[in-house]
Each structure stands twice: as structure tokens, then as C-alpha cells.
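**Student:** Listed below, chain by chain, are the residues.
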Amino acid sequence: MAPASDPRGSGAGAPVLVIEDLGKRYGGVQAVDGISLVLEPGERFGVIGPNGAGKTTLFKMIAGDVTPTAGAVHLFGRDVTTMSTARRARMGVGRTFQISNLFREMTVLDNVRVAARGGTATARVFWRPQRAKDDASQRSLAALESVGLADRRDLTVANLSHGEQRQLEIAMALVGEPSILLLDEPAAGLSAAERTTLKALIEGLPRSLPILLIEHDMTLALGLTDRVMCMENGHHVVTGSPAEVRENETVREIYLGRRDKK
Amino acid sequence: MNRRMLVNLALLGLLLVVLLALPYFGVSNFVLGLASTILIAAVLASSVNFLGGDGGMVSLGHGAIAAASAYAVGWASRQGLDSMTQVLLALVVTLVVSFLYGLLSMRTSGIYFLMVTLALGMLIYGLAFRLSSVTGGENGISGIAAPGNLHEEWIYYYVVLGIFVITTGALWVVSSSPFGASLRGLRDSESRMRSLGYSVAQYKLSAFMISGTVAGIAGVLAVWHTNFVSPSSAGVERSVLLVVMVILGGIGTLLGPLIGAAVVVLVENVLSSYVDRWPTALGLIFILVILFARAGVAGSVPKVLAKLRGRSPSATPPGDRSSPEGTAVPDRNHNP
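Chains as they are written, first to last, in my numbering: chain A, 1 to 262; chain B, 1001 to 1336.
Next up, chain A with everything else stripped away, as it sits in the complex (with noise of 0.2 Å):
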């Protein structure tokens, strides 16, 4: 199952998202501020800061959730800041929730097998019963195995530990053949050994799919992009390569100092 490089027009070496100069303000409280970036073809970016920087919020603007105040956003070539959530996923935008948002009294196998419809008419079948063998099946058990969650299938969400959940949650990014990947906070609340085989997991996604990450711990999303952005109070602090960000006084600052505190 390898996600699509992009089949939507935009030519080769474009860049996959663009952010212009974003802004999000809930009455007096500017969540977001002038927030530039480009996602190159093939690119892993991550966004750090610490809580309450404004991630989760970019993050949503990028998704489609939460229309932004100021700024553009652009995927794929085409402007798409007020475009809704569903349209965007059709054109190719595949997402996690950093709250794990599942089917939770449907089968493993049903969760994936509906995101895998997703969007197309194939979903819309209401005159025959599922079956085993349709497309849908056999790409969302591919997806499954990858994921490593095959045996589980059967299984009712509920079930599964919190760790399989966020596997599931990326199973069902995966099995629409995204055009981008946007995790949310993937490793939210993972133990350490949860954590390892997730970050195995990501590590091993097709290098063509471009990542956009949003994450809190720093380790993690060091480990696993090209270029790091982070964020404090709605504004940019340094974009750059992960040992740039590492080193940078100011992320140091602001992790340290937070980590001081608790």
C-alpha cells in the first residue's frame, strides 16, 4: 500500500502545503500569529512547542477544522483556507487526532474499511452487504498489516490498548493513499515502549508521503523530520534542521524553563 506521490496536478517539486503569514484570534486571545511555511514534495516537517504555542490550532487551520482570521493556506497548488475539512481530505489530506477519534463500537477492520471509502461513491453502497473481498477489505487489511494490527481486526475499538489505537489512527490516515500525512500529537500519552514502536512505525512510511508533525515532546519529533519549526504564544521562534532547533538558545529556554517548572 504505498500513498499516492501526489497525483493531483501540482507540478513536479511544488511544494505540498503552503502557509502564509496565518493568524487565528478567539475574541481577545491571538491563538495563532503570522505563521509562514512550505511543505516540499517528500519533506517530514514538525512543529514543536510547548503548551498553549498555537500548535493544535495551526494544526486544525491546516485540516480544515478552524478557518483561519489572517493568512493563506495552500495545498497542493489551490487555495484552500475556507475550504471544508471533507473537501480537503478528498483532495488528498490524510489526518490523525491527538485524542485518539474513533469508530469505538465498530470492529478494527470496520474502522479502516470506512476510512478507506472515504470520500468516494463506493461508500454510498447500500444495497449489498459488505464484503470480505471488495477492494475496500483488502486495502484496509493491507493497511492493517502495515500497521502491524491485523490480528486485532475483530476486535471491537474499545479493546484495543491506547498504543493500538494511535497505530489504528494511522492505519486509517493510510488507507485513503493520502497526499500528505498531518499527525496530530502522535505519541500523546504513549508509554516508552509504545512510543518506540510508533516512531518505528512512522520512520517506516513511504519517503514520498510528505509529514507534516505536530508535537510536543522534542526528542520525538527531532527524530523523525527534516526540518523542525518551533512555536511560543501563536509566533514563530526558528525553523531549521532538527540539530539548528537543538541547539537554538531560545527552544532551549522554553523547554527547559517549562520542564523546570513542573
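If you are wondering where the hints come from, they were derived from the structure by calculation, not from laboratory data. Keep in mind that the hints are not guaranteed to be accurate.
Simulated restraints on C-beta separations [stated by the list, open to error]:
#1 L1284/B - G52/A: 48 to 56 Å
#2 V1165/B - S84/A: 52 to 60 Å
#3 T122/A - M1005/B: 34 to 42 Å
#4 A70/A - S1133/B: 53 to 61 Å
#5 A70/A - L1131/B: 28 to 36 Å
#6 V1165/B - T120/A: 28 to 36 Å
#7 L1014/B - D217/A: 57 to 65 Å
#8 I1111/B - T122/A: 55 to 63 Å
#9 L1014/B - T122/A: 34 to 42 Å
The beta carbon of each residue, even a glycine, is placed where N, CA and C say it ideally should be.
Knowing the structure of chain A, use the given hints to seat chain B on it.
**Tutor:** Only chain B this time, still in chain A's reference frame:
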């Protein structure tokens, strides 16, 4: 096909044989009529069950959809139109009403959906009262005869049974189809569905149209059976009883609507001749089910049986969904 499915199929077959043989047991017309009433209520309840069980949209307005369809038949019959035209008109009215319901409720969910459908039901109730040139006002329309020899109790029973089997089968197919899975996805998480590219409102509207059509069919069956329609059939009480039936029987189960309809209709028609306060009896039954068998009769019996056999229940039966407690475990007999 695994053993559980075989057992389920055998039980369904047995039930069907009993229902088919009922007129041959020498039962009175009263009993046959009661059986028809139960089956008609079950068709109507199954439309609520589909929307509530798979779509997570519990409607308090389905009684009024059936009533609108019944009024269409009544009005057409009073104009002297033949039964085919009556049915066609009922279908058109049902589709229009369901579409309006769906359009107005598709952006809501949970308690808000309940409120919108409740309000729309009240609207139809009000129209039934006020639009007396069409609906006969408070008196309703009476003398609506079933076509041909359908007025014979045993013939009508078979017609109703046939339509019950067809609608239940059709709803089962829809429920186990990819569309049904999409609906359950909506029930569990709308935000996730949006992020997967689903147009949530469209799916809700389609689900409402399917459910409303079944409710309309029940409306035609009911009015031909009682030969009478009045505003009370559009009242909130009817719609509330439908939800009670669905919950008693087991929401999201295949036979829950039939079981729930049987309990409610029997309490309403049989127990009421012995006890004045039959609603109290119904209320007590309802409370007991909520307290001790929250998944309803059809949802709880398999679990209890499995417990008695000393193992946890395996995969859920057809049309069933896992319990709210999430006790389902992997099906050990998954492969044939």
C-alpha cells in the same frame, strides 16, 4: 459460515414458520388482528431502529411521518381514488415529508436531532388538526377501506407479514452494507468522518429518506387495517411509544423492533382490559429493562445465554452492534 450464524438463521427460520402458521392454529380474528397490529408497529419501529441504531439519530417524529402517509391514503380514498393511486400519493407525501425532516435535521445530532424531529412531528399534528378540509380535523377520516379482499383478517395478516419480512430484510441489507458502516461511523464520530472526506449531512439525509420511506409504508398498512386516521396517530405519544419499543427490544438489533412492538401492543391492548393503568405497567417494564438489560431484550438474551454457557459472547449476530459496555471479543469461529 460459522455456527453462530447458523443458529441465528435457524432461529429466524423457526420464527418465520410460526408466524406463517399462525392463522392455521385456529386463532380468532381478534388475535390475528392483534398480530397484524404488532407487525405493523414493528415495521414502524424498525424504521426508528435503523436511524437510531445505525445512525445514532433517535427520532421523536416518526409517528407523524406514518400519519402523514396514512392521511394521504385517507384523503385519496375520500376523493374516490383507487387503491393504487392512494399508495402512490402516500409514497409521494412520505418522500416529501421525509425529505423536509431530513433537510431540517441533517445538521444536528443527539438531543438536538431529537428536538427537531419532535418539533416537526408537532407540526404535522397541528396540521392534522387545523387543515380540516383535507384531514377532517379532530374527527379524522374514517371508512378508509383496504383494497380488494384485504379486509379479510387472515389475508391482511399475510400481506402485513410479507411486508414486515421484506422491510426487515431490506433494512438488514442496508445496515450491513458499506452505507450502513458509514452511518455507524457517523454515529460514533462525525468529526472523524469529515476528516475522511465524508459529506456528513448528505449521509444523514439519505438515511432519513430510507427510514422515512419505511415509516410511510407502515402508515399505509396501519390505515388500511384500522380504516381510520385521526390527529392522535400523529401525536407525540405514538412517536414516544416507538422509541420505547426500540429500546425495549434492543436498539440496533434485527428483531428488537418486533419484540418491542409485541410488548407494547400487548400491554396496550390486552393488559389494558385487566388493568386501568396500563401505561404504568409499561413504564415499569421499561424501567426494569433500562436497569437490568440496557441492551434491550434482543441485545441482552444472547449475552445472558453466553454467560450461562460459561464463556463470553463472540461476534455479534447479524444486524447487531456491540454492547455499550464493549464486551464483544474476537470471534473464535471466524473462519469457516
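**Student:** Run every hint past the structure and note whether it holds.
**Tutor:** Right, here's what the structure says about each hint:
As the Cβ distance of L1284/B to G52/A is approximately 52 Å, the hint placing it in 48 to 56 Å holds. The supplied range of 52 to 60 Å is broken by V1165/B and S84/A, whose beta-carbon atoms lie about 41 Å from each other. For T122/A and M1005/B, the hinted distance range of 34 to 42 Å is not satisfied, since their beta carbons lie about 25 Å from each other. Range check, A70/A to S1133/B: Cβ separation about 58 Å, and the 53 to 61 Å hint holds.
Taking 28 to 36 Å as the suggested C-beta distance range, the pair A70/A and L1131/B does not conform, at roughly 53 Å. At roughly 32 Å, the beta carbons of V1165/B and T120/A sit within the given window of 28 to 36 Å. Remark: the range hint 57 to 65 Å for L1014/B to D217/A is upheld by a beta-carbon distance near 58 Å. With their beta carbons about 32 Å apart, I1111/B and T122/A fall outside the hinted range of 55 to 63 Å.
Remark: the range hint 34 to 42 Å for L1014/B to T122/A is upheld by a beta-carbon distance near 36 Å.
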